[in-house]
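Visitor: All chains, please: the whole structure from these sequences, using the hints.
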Amino acid sequence: MLKIKNLKADVESKSILNNFNLEIKPGEVHAIMGPNGSGKSTLSNILSGKKGYDVSGEILFENKNLFELETEERAHKGIFLAFQYPLEIPGVNTNIFLKTSLNAIKKARGEKELDAIEFLKLVKLKAKELKFDEEKLNRQLNVGFSGGEKKKNEILQMSILNPKLSILDETDSGLDIDALKIVADGVNSLRKKDNSFLIITHYQRLLDYIKPDYVHVLMNGHIIKSGGPELALELENKGYENFN
Amino acid sequence: MREKQIDKLKDYKYGFTTDIENIRAPKGLSKEVIEFISKAKKEPKWMLDWRMKAFERLKNLKEPNWQKPKYPKIDYQDIYYYSAPKSTSTKPKNIDELDPKLLETYKKLGIPLQEQQRLNGIAVDAVFDSVSVATTFKDKLNEVGVIFCSISEAIQKHPELVKKYIGSVIPLTDHYFATLNSAVFTDGSFVYIPPGVRCPMELSTYFRINASQTGQFERTLIIADKGSYVSYLEGCTAPMRDENQLHAANVELVALDDAEIKYSTVQNWYPGDENGKGGIYNFVTKRGLCKGTNSKISWTQVETGSAITWKYPSCVLQGDNSIGEFYSIAITNNYQKADTGTKMIHLGKNTKSKIISKGISAGFSDMTYRGLVDISSKAKNSRNYTQCDSLLMGNKCGAHTVPYIKNKNPESNIAHEATTSKISEEQLYYCQQRGLNPEEAVGLIVNGFCKEVLQQLPMEFAVEAQKLVGISLEGSVG
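Same order as they appear, the protein sequences are chains A and B. Residue numbering for the first sequence follows my numbering, beginning at 1 and increasing consecutively. Residue numbering for the second sequence follows my numbering, beginning at 1 and increasing consecutively.
These are calculated hints, taken from the structure and not from any lab test.
Heads up, simulated DSSO-like pairs for lysine-lysine below, C-alpha to C-alpha not over 30 Å straight-line:
{"hint": "1", "chain 1": "B", "residue 1": "K39", "chain 2": "B", "residue 2": "K138"}
{"hint": "2", "chain 1": "A", "residue 1": "K51", "chain 2": "B", "residue 2": "K396"}
{"hint": "3", "chain 1": "A", "residue 1": "K77", "chain 2": "A", "residue 2": "K5"}
{"hint": "4", "chain 1": "A", "residue 1": "K126", "chain 2": "A", "residue 2": "K164"}
{"hint": "5", "chain 1": "A", "residue 1": "K50", "chain 2": "B", "residue 2": "K422"}
{"hint": "6", "chain 1": "B", "residue 1": "K451", "chain 2": "A", "residue 2": "K150"}
{"hint": "7", "chain 1": "B", "residue 1": "K467", "chain 2": "A", "residue 2": "K107"}
{"hint": "8", "chain 1": "A", "residue 1": "K124", "chain 2": "B", "residue 2": "K467"}
Guide: Following this line, the structure appears as structure tokens:
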């Protein structure tokens, strides 16, 4: 599904990622762990198409060169990023934002768009599953939401858009244990043989609830070690400093 | 794909010209030209005398120059003040007799006059350059006593009403452009709602400038008698031309006891090209008088067009307990300029006013909100609330807020809130990650920003206006 070969990324001629390689197959859950400044967020930004990076190397998503696609076209193809810091958009109703997003993606894929009633049914169902306060759906997008609510809102969007590749950029940071479980439940309910996940995190904690197939350690711009879930525990015990 | 979207900016949908034979007054401003206009409209002598009085006063007036957008000197002798399709010199009795070219024009503008007659809901007065070419639903409105016709027709058929109210809100000598309009006004709409009548349909006027080198001097007068209600909407478009054309309108509203007037504008005059060449100078005087107790006047405007927009739809709150409202969305893109806002003059007791202004600037444009709230010493227990928000796109445009506040009554109270924000790259990226292209993302954010005002528009027009907001900003990102 996703093949990253020899990716190099610079910002203002400062090297962030170099010699970065990763392959994710359909249905797999990969976790990337790394200390601050190791390039974790850069990776998720580059995959989702944020501008401002000098990149070289190759990223193929379902055999299509990602560098040739605009940010929104990547979304249409099924790439979703749960933001580390979800944006507030004053005046824009959360429901309307969600519906506009879903229908833009459906339209791009040549699928039938949902009307207001079909959409409300879907969103109610998903909100209930994720224990997301329905009343918040009528508020302005992320305005006045707590940190945890913003993160839950990202997971709600993910579950409505049903992406092929979901990237979670430190979704667990700032969550209490109840919210963490809800986020994990959301991810687990979307785990199917065609849906893949890339989970970026500092801590092993989230991985107690979402069992990854692979864990990678990112340091100094590339993966220094890969393994199974046990690698996360080892990392937690040793700390990044002594890991090398 | 993205280039295609930017291309769309260049085709202003309403930029076409109708090739039609015109009757024009000689070029320039003179006594003879005013006589020509008055004669063409078969006006009674009192009307011509009134025009001449304005013309005399004009000689002693100077154009105001305190506004922010400056413009090259206008040569008033180089403008045609009257231009009308030849076919309308004998006014057709009904729409089916109208010149097919005119019918075609309105159809292209999205206002099929013939079909509109069959559809229920909205009565239209269609003004083409200097004349009203058709008014729909007149008979049906007549049944309930509502008069809806061109101002030219009203001068002939309802002189007592016109005489009583014209110039009663905007005095003959108000300022340069208003006085110029009083001397040379050509056409516009006249509405009278009799006591106790709730006008059964939306009334609207569609203003079209077609002829080149021609100014349009609209005059509209709306009177809501005791206990009546009317909702009125105007729309405006013009062809794409390299020259700047002047639209100097006077609109007067009068609300008597317990009456309410809701006046909405969707202004989409040609804004000029992306380098700021051409476009309409929209210098307009709009004022409403809440003459009676418990009367209410509400202005809603969506200003997206014109090279320069310069207008302050105002309310004079004379009657006790009267209410004035102003809801505005003004959008400038490329090299457009706007200096717009309102004046709320509180004279009566317990009067209330509310101002909600949303300004959006993009490209190299410049936007000023200018507003006056004036509470007189007699206006006890009066209130004003003003909210003034600006949204900037990019870093080459400007937004300015200039509120004037005068409160001479210690028991009254004025509240003013203002914000300035910017659409951030991060917000756009977030929306794009959710599958919206940059134009859709801007449309969504901007419509969210002006929602409070869009909600004030009659439903039939709210959707149109929402689209227009998106189109006006096309090409401003990416």
